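Undergrad: Protein chains in written order, with this note's numbering: chain A, 24 to 267; chain B, 11 to 126.
If you are wondering where the hints come from, they were derived from the structure by calculation, not from laboratory data.
Where hints are given, some of them may not hold.
[To be verified] With a Cα cut of at most 25 angstroms, we get these calculated DMTMM-like pairs of lysine to aspartate or glutamate: (1) B:Lys59 with A:Asp136; (2) A:Lys151 with A:Asp119; (3) A:Lys151 with A:Asp136; (4) A:Lys151 with B:Glu62; (5) B:Lys59 with A:Asp206; (6) A:Lys151 with A:Asp41; (7) B:Lys59 with A:Asp119; (8) A:Lys151 with B:Glu58.
On a predicted model such as this, the values are computed, not experimentally measured, just so you know.
Here is what each chain is made of, one letter per residue.
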Amino acid sequence: MRSRAPRSSALTGNVRRDIALALLAVWLIGLSYGAIAVASGFPLWFPAAQSFLVLAGASEFLFVGIVAAGGNPIAAALAGLLVNARHLPYGLALPDVLGTGWRRILGAHVMNDESVVFALAQDDPPAKRAAFWTCGLGVLICWPGGAIMGALIGAAVRDTSALGLDAMFPAVILALIVPALRDRPTRHAALAGAAIAVAAVQFLPAGLPVLLALSALLLLIPKRRLPTLPKRPSWWPTRKRPAP
Amino acid sequence: MADSQATRPVKDTTLLIAGMATLSAGTLAFRLCGPLLRERLTVPSWAEKLLETAAVILLAALVATTALTQGHAFAGPSRPAGVLVGGLLAWRRVPFLVVVLAAAATTAILRLLGVP
Numbered sequence: 024m025r026s027r028a029p030r031s032s033a034l035t036g037n038v039r040r041d042i043a044l045a046l047l048a049v050w051l052i053g054l055s056y057g058a059i060a061v062a063s064g065f066p067l068w069f070p071a072a073q074s075f076l077v078l079a080g081a082s083e084f085l086f087v088g089i090v091a092a093g094g095n096p097i098a099a100a101l102a103g104l105l106v107n108a109r110h111l112p113y114g115l116a117l118p119d120v121l122g123t124g125w126r127r128i129l130g131a132h133v134m135n136d137e138s139v140v141f142a143l144a145q146d147d148p149p150a151k152r153a154a155f156w157t158c159g160l161g162v163l164i165c166w167p168g169g170a171i172m173g174a175l176i177g178a179a180v181r182d183t184s185a186l187g188l189d190a191m192f193p194a195v196i197l198a199l200i201v202p203a204l205r206d207r208p209t210r211h212a213a214l215a216g217a218a219i220a221v222a223a224v225q226f227l228p229a230g231l232p233v234l235l236a237l238s239a240l241l242l243l244i245p246k247r248r249l250p251t252l253p254k255r256p257s258w259w260p261t262r263k264r265p266a267p
Numbered sequence: 011m012a013d014s015q016a017t018r019p020v021k022d023t024t025l026l027i028a029g030m031a032t033l034s035a036g037t038l039a040f041r042l043c044g045p046l047l048r049e050r051l052t053v054p055s056w057a058e059k060l061l062e063t064a065a066v067i068l069l070a071a072l073v074a075t076t077a078l079t080q081g082h083a084f085a086g087p088s089r090p091a092g093v094l095v096g097g098l099l100a101w102r103r104v105p106f107l108v109v110v111l112a113a114a115a116t117t118a119i120l121r122l123l124g125v126p
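This is chain A alone, in the form it adopts within the complex (with noise of 0.2 angstroms):
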């Protein structure tokens, strides 16, 4: 028989400084998130229950800030699907560290960035399920905690813009997204969504430029799946245009 339970002891100290400190970053852009949610209007509910029930958190700022914004909450949520469709490849390229039967699920739920990527980080299964559980489990408290102080400061501050509270919501998902961004055609197709967002904000509604963006993928595509044309041959003849 197994233990699927998660075992501190399969882990070096090194690789629970890591988790610990990676749990930290976690609780502090939790209490960013509760703050910034009950700036933009939201009850102090919505950032405890999301938090918990969602536990993604790129996809549960996109649907606070397109709703703070004045779109729609399904709208909001269809584009933090979006960006949570990478849960399906984490799910694929997991090792076998969930078990079965309510383990499973629970583990699927606690799966994210942080767990998957000290996960696939560890040598052996052990370690690696050790690692996972510990991570998942951490992030599962230090999420929710983080937004629901988060929330209760946010809801204590009066006047928010004097602080430049509106100045780190745009900030923090900047810093979460700049280790893709050093990759250059990731860089490229982001400015030019931004760029087209930007542009596209006087004449749209609420929530749609953003999805808008998604459309300089297109610069992405034709470069890498078509196949190149021929080149002409130096003899072929070039037919000389008539002088106006």
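Given chain A, put chain B in place with the hints provided.
TA: Just chain B now, kept in the frame of chain A:
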């Protein structure tokens, strides 16, 4: 809370809960699909890369629109200035907490100086 009522983005709590339920149920479905399909299918790496890039584009567009605009117009220079400072620090691999606090502080100081 009268003043939070004025800025409340969604009057319809039912719709807000429906949005949250859609997002959480769909996300759990994505998370369960991977382990269930693991033995049966491999996602081509270009599709994985495309999904990843799509997510980054969405988030970058959200950064740009929330940093630069308010309603349908320009938000004023102090907010984008703060976000820019945060972005530059993040690019230099400065810790997350410093990035976020520096962004908020830059915007707050500019507003204190009278910049909108």
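Undergrad: Against this structure, judge whether each hint is valid.
TA: Here's how the hints hold up against the structure:
1. B:Lys59 with A:Asp136: Distance of about 15 angstroms is within 25 angstroms: holds.
2. A:Lys151 with A:Asp119: holds, 9 angstroms
3. A:Lys151 with A:Asp136: holds, 15 angstroms
4. A:Lys151 with B:Glu62: holds, 24 angstroms
5. B:Lys59 with A:Asp206: holds, 11 angstroms
6. A:Lys151 with A:Asp41: With Cα atoms ~14 angstroms apart, lysine 151 of chain A and aspartate 41 of chain A stay inside 25 angstroms; holds.
7. B:Lys59 with A:Asp119: holds, 23 angstroms
8. A:Lys151 with B:Glu58: Cα-Cα ~23 angstroms, so holds.
The structure meets every hint from the earlier list without exception.
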